[in-house]
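Respectively, the protein sequence lines represent chains Z, V and C. Numbering-wise (our numbering), the first sequence opens with residue 128 and increments by one. Numbering-wise (our numbering), the second sequence opens with residue 120 and increments by one. Numbering-wise (our numbering), the third sequence opens with residue 37 and increments by one.
Derived from the structure by calculation, the hints contain no laboratory data. Remember, it's a predicted structure, so these values are computed and weren't measured experimentally. Glycine is no exception: its CB is placed at the ideal position from the N, C-alpha and C atoms. Among the hints, erroneous ones may be present.
[Claimed, not checked] Coverage of chain V stretches by chain Z, computed from C-beta distances (three or more under 8 Å per stretch; other residues unrestricted):
#1 163-170
#2 271-281
[Stated by the list, open to error] Among the chain Z residues that face chain V by a calculated CB cut under 7 Å, a handful are:
#3 THR146
#4 PHE149
#5 GLY150
#6 VAL153
#7 ASP156
#8 PRO208
#9 HIS209
#10 LEU225
#11 SER244
[As the list claims (entries may be wrong)] Derived SDA-like pairs: lysine to any residue, alpha-carbon spacing no greater than 20 Å straight-line:
#12 C:LYS175 to Z:ALA530
#13 C:LYS175 to V:VAL405
#14 V:LYS422 to C:PHE176
#15 C:LYS85 to C:HIS264
#16 Z:LYS508 to C:TRP247
#17 C:LYS230 to C:ILE244
#18 Z:LYS334 to Z:GLY402
#19 V:LYS422 to Z:THR311
#20 C:LYS175 to V:PHE287
#21 C:LYS175 to Z:SER400
#22 Z:LYS320 to Z:GLN408
#23 C:LYS252 to Z:GLN228
#24 C:LYS252 to C:PHE234
#25 C:LYS251 to Z:ASP506
#26 C:LYS175 to Z:ARG399
#27 C:LYS175 to V:ALA282
#28 C:LYS118 to V:HIS214
#29 C:LYS251 to Z:ALA530
#30 V:LYS422 to V:ALA281
#31 C:LYS252 to Z:ARG501
#32 V:LYS368 to Z:GLN228
#33 Z:LYS249 to V:VAL405
#34 V:LYS422 to Z:ALA530
#35 V:LYS368 to V:ILE408
#36 V:LYS422 to Z:LYS508
#37 C:LYS252 to Z:ALA509
#38 C:LYS85 to C:LYS230
#39 Z:LYS508 to C:MET37
#40 C:LYS175 to V:ALA315
Read off the chains here:
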Amino acid sequence: MDANNGQEAEAVLRLTGITKRFGPLVANDAISLSLKRGEVVALLGENGAGKTTLMNILFGHYTADEGDIEVFGKTLPPGDPHAALAAGIGMVHQHFTLADQMTVLENIVLGTQPLWSFNLGKGAAREKIRRLAADYGLEVDPDRMITELSVGERQRVEILKALYREARILILDEPTAVLTPMETEALFATLAKLVAAGLSVIFISHKLGEVQSVSDRVVVLRGGKLAGERKTADATRRELAELMVGGQLPVNEIGPSSPRECLFELKGISTRSLGGAALRQVSMQLRGGEITGLAGISGNGQAALAALISGTLEPVEGEIIVHGEKVERWSPGAALERGLGRIPEDRHATGMIGDMSVAENVISEAYRSSRFSRFGFLDWKAAATFANDIIKAYDVKCPSPDARVRLLSGGNMQKLILGRALDGDPDIILASQPTRGLDVGAVAYVHARLIEARDRGAAVLLISEDLDEIQTLSDRILVIHRGQLSRPSLRGELSVMELGELMAGHGHDEGASHAA
Amino acid sequence: MNEALEILFTASFWVAAIRIASPLIFATMGELICERAGVLNLGIEGIMVAGAFTGWFTVYMGGDLWTGVLVAALTGAMFGLLHGFLTVPLGLSQHVTGIGITLLASSLTYFTYRILLPEVSSPPKIEPFQPFAVPVLSDIPVLGPTLFNQTPLTYLAYFTVAAVAFVFYRTPVGVAVRAVGENPSAVEAQGISVTAVRIGAVMVGSALMAIGGAFLTMSAFNSFFFEMINGRGWIAIALVVFGSWRPGKALIGAILFAAFDAYQVRLQQITGGVIPYQIFLMMPFVLSIVALVVVARRATYPKALMIPYQKGER
Amino acid sequence: MRLEPRPASSVAASILWPAGAILATVVFSSLLVMIAGASPLTVFWLVLKGAAGSQFAALETLTRATPLIFTGLAVAVAFRAKLWNIGAEAQLYLGAVMTVVIGTGAVTLPSAGLIPLIMIAAMLTGALALLGPAVLKTKFGVDEVVTTLLLNFIVLLFVSMLLEGPLKDPTGLGWPQSKRVIADAQLPRLIKGKRLHFGFILAIISAIVVWVIMKKTTLGYEMRAVGHNAEAARFAGIPVNRVIVKTALLSGGLAALAGFSEVAGLKGNLTLDLSPGYGYTGIVVAMLAMLNPLGVIAAAIFVAGIFVGADAMSRSANVPSYIAEVMVATSLLTMVAAIMLMRYRVRWR
C-alpha cells in the first residue's frame, strides 16, 4: 500500500513514553510511536507483547502510569474513551463490541447523539450509513439484527461505527483472525480506500505476511518494550520475525505420518446450534497416528463439533463410534470413560475453574476414580502429588498445587489442561483452538505435545481458525462451513486460496474431486 | 357455576382488576428497566415497602398527594443508588445484594415507623387519590368505565408503560440501556459509561417500584400496614420473565394476573367457605410459578443480565 | 474505578475490610439510634448486656442462634453450589409441620427411636420442598430465586390452612395452633429449667458434618466446582444437574431441621409465628460466615445476640427493636462488600 505522503506529512498521533504496570508486571515500558496522515502502521508482536494494552490506553479503557498521547497536536485526556472518540480515534476490537439483539443502525448511532433527546434520527442515520458503505465497500443492511450477520459483516459494522463518527485514525486489532482469505483481501481493499481518503490506520497483528502486504511501517513490540521500527519496504520477513520473538522462531519437526485404524467416527451427526451454526449430517473419521485439522471461519459449527466430541452436546441424530463401538448415551463422562483427551476452546470458561486450586482442577476429570477418592472421601494428598507431577512434567510456573488457577498466565493454564487431558496417554485427542492467545514459546510447546501424541499413535483432531496452524500440523484437513464438512484433503494438497474457497463455502460439494 | 362466570362480565370486577394491576405495573416496569440494563433487583420487595411508607407518611404530615408520590420515588431511587453502587462498580452478587436491600429497606421502614408513630395502635388514615373519570375516554363502551374511571396514579401507570416502550425503542438513552444489558462493551466502546447507564437505570427502576408501593397506601388503601406488600415485588419479578422483558407483554401479564387475583377474591365469596380461603390466596403465587415454567424455555433474556462488567474487559 | 484481583491474599486487607464493615454498620446504626433520641453508647451497652451480660442472656442468645445455625447452613450449602435457595423459611415450616404430624401422638416410640424418625421425616419434607425448584431450574431453566421466594408465601398459607384444619388443636380456644408434641418427641433441655435445648447440640453437629462434606468428600468437591464454574464442571464430567439436586436435598433438609428443633426443642407446638424470618436471616448468617459451615456457628450466635440484645434494650431504652433487623441487614451489605474488597483491589485509574 502506498501512502505517498512523504516525510513531511504531519503526525496525526503521537504516543510518548507510555508505561503501564499491572502490579509487578510491566505491560508497556516507555513506548513511543507516531502515526502520519494517510499512513498504515502495523503494530507487530506476539500475544502478551503489550499491543492490546497500548491500544486500550490510547482508547481510554486504561490509564497509563506514565507518558502522554497527542492527537492532531492536542493532548488527549487519559482514561476517557469519549475523549478518544471525539478526537477522531476509531477502534475495531478483536472481539466485536456489538449488542446482538439490536439492529446495525442502533449499534452504530449508539453514543453519537446526546443521550437526552426524543429522537433517534433513524432516517438521516440510515442515509449516512448507506453512503459510507457504498464509498468504502462495506455493504450491510442497517436494519438487520446483529445476530443475523456473518462474522465478516459484523466487522464491517465495527468499521462503519468508526467512520460514522468521522474517525480520522482507525485502529484494527487482529482484524483478519476471523476472516477468510477472500474477506481479508476485501478488508485490505477497504483500508486502501480509507487511506486514500486521508485516514490513518494502526493495524495490530502477529502475522508477518499480512503486516508486509498492508503496512507502510512496522513497529514491533516484545515483552512490553519497543523492539524495533522498520519501513515495511526495507524489512525482510526474517528480520521482523526475529524482532518479534527476540531470536529464532522455535520450529517443531513434524515427520511423515503413519496412519493406523480409525479410532473415532461420527456418522450422520446433526446437533442443535450453540450460537454458531449447528452440525448437519456430519460424518468423519479420526485415524490413529494422524492429526486431522479442521479449518473454518469462526461460527460455522466448530463450537458445536467441539462440544459434541467433548460430550457436552448430545446429537439429535447420528451415531458416535469410539474404538469401533457405537456409544448409546454420550456425555462428558462417557467420553472420559472411553479415553478421550479433550482440550477445550475457552480455558477460562470451560477448561479450568479459576477460583479453585491447581490440585482441585487437575483431578476434575478423575476425582471419582480409586486413585483420588475412597468411599466418597477425597484423597487430597494424591491430588497434590498428581498436581506436582504435572507441574514438573509440563514445566508449569506456579507457586504450589494450592495456588488458585485464576492467578496463572494463559500459557501455564493451558499446560495444566494439557497435563490433565493427556494423563494416561489417551488415544483420541480433541484440541480445540489449543494455542489461541498463547505466546510463541507456549504455542511451540503445545504443538510439540500434540505431535508427540500423534507419533505414539493417537488420533488427534485439531480445530483452529488459524489456517497456518492447520496447514503446519495437519496430516489431513477438513473444512467446515455452515455446519457441514468438506471431503478431507491431505497435507499440502490444497493451496491457501483453495482452502479459503472451501471456508467461504464455494465448491463445498465438489470437494470430492480433491480427495483423490 | 353460572355465577362464577357472570363475575367476568361485571364492570366492577374489571375495575378491581385494573386497580390490582396498577401497583404491579409500576413494579414490573421498574424491575424490567433494571433487568434490561443487566441488573437483577431483588431489592424490589423492600423498596416497595419503603415507597409505600414514605409516600403515605408525606401525605399524613400534610403534604400534597403528588408530593407523596415524588417522595416515594426519591426513596426508591436512593435504594436503587445503593443497589447500583454495590452491584455495578463493586460487582457484588446481585442476588445477595438484592436480598440485603430488601431486608434493609423494610427494616429501616419499620424502624422509622416506630420512631415517627410511637404510640399509635392502629395506623392513621389519609385522604387517598380519588377515582377520576377521564372526559370522553370514560364514555367508551365497556372499556371506558373500567380503564378510564380510575385514580390518577393508575393513569400514571399506563403512561409509564408507554413511556418505557417509547424510551427503549425510540430514544438514544433507551438504546444505551438496552445495549448495556446486551453487551456492555458495545456501550463502553462508543464512549458511554456503562456504570452510569446501569446505575441510572437501576435508580429509575427503583423509583417506579417505590411508586408501586405508594399506590397501595395512597390509592388502593389509605393507610400503611406492615406486610402490606405481601410478595407483590416477587410477583413483579415473575411478570418480567413472563413478559419476556418487553413492556407491552409485561403490561398484559400484569393485567391478566390482576384479573385472576380479582377473580379469586370473588370466587371465594360465592363458594362460601367450602374451600379454605388459603387456597385462593395461594393461587396468585402458584400462578406466577406456572407462568415462569411456561415461558422459561423460550425466554430470551438480556444477555448481560447478572454479569458484572469491568471497564476495558471484553 | 476498576477492580483488580489481588495476586496473593493480603493479611492487612483481610483484617481491615471486615473491620471496616463492622465499623460502618456500627456508625450507621448509631446514627439511627441518635435519630431515635438515645445515646449510641448506652444503647450498644444495653444490647451487649442483653445478649451476653448474664447467664440468662447468654443462654437466650444460644437458644435463638439454634435455628439460625440450621438455616445458615442450609443457605451456605446451597449458595456454595450457586443454588439460590431463598426458601429456607418455607422448608423450616414444612419441617415443623412434619414434626407435629408425627410427634403429636400419631407414632408412639421411645424417645431414642421417635426423635431420629421425626428428624429424618422432617428433613425429607424440607428436601422435597426444594426439590421442586431445583428440578424446575435444571429441567426448564426457571430461576430458583423467584420460585423459592414464591414458595415461602405458598407454604405459609398452606401451614395456616393446616392449623385451621387438620392440625388444629381442639383445645386451643380457636387459635390457629397445633397440638403439643408428646413428651417422647421433645428434645431434652441442656440445663434444667433453662430454655437452651438439645437442638443446639444438633446444630453444632450438623455444622461439623457439613464442614466435613464440603472439605473432604467428592460431593462437597462437586458442589464447589458447580458453584464456581458450572460449565467447566460439566466439561470435566461432573453431573451438574444431579449435583444441584443433591445440594437442594441437603439444603432443604438442613432448613427443615430448624423447624424441627424449634418445635421439638423449644415451642412444643406449631404456630404461624414459629419463625420471625429465620429463613431470610439465614442468608445473612451464611454470608457473614463467608459460606464456611463452621463460621456459620459464630455468625449465627452473633446475629442472635443482636436480636436478643436489641429486644432487651428496647424494653429499657426508647429505641424500637427493629434496630436489630437494620443492623443485621446493614452488616450483610457491608460484609459482602468487604469480602469483595479483600479479594480485589480498587484502582481508580
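Index of numbered hints that the structure contradicts, given in increasing order: Result: hints 1, 2, 3, 4, 5, 6, 7, 12, 15, 17, 18, 19, 20, 22, 23, 24, 27, 30, 33, 34, 36, 39, 40 break, sorted rising.
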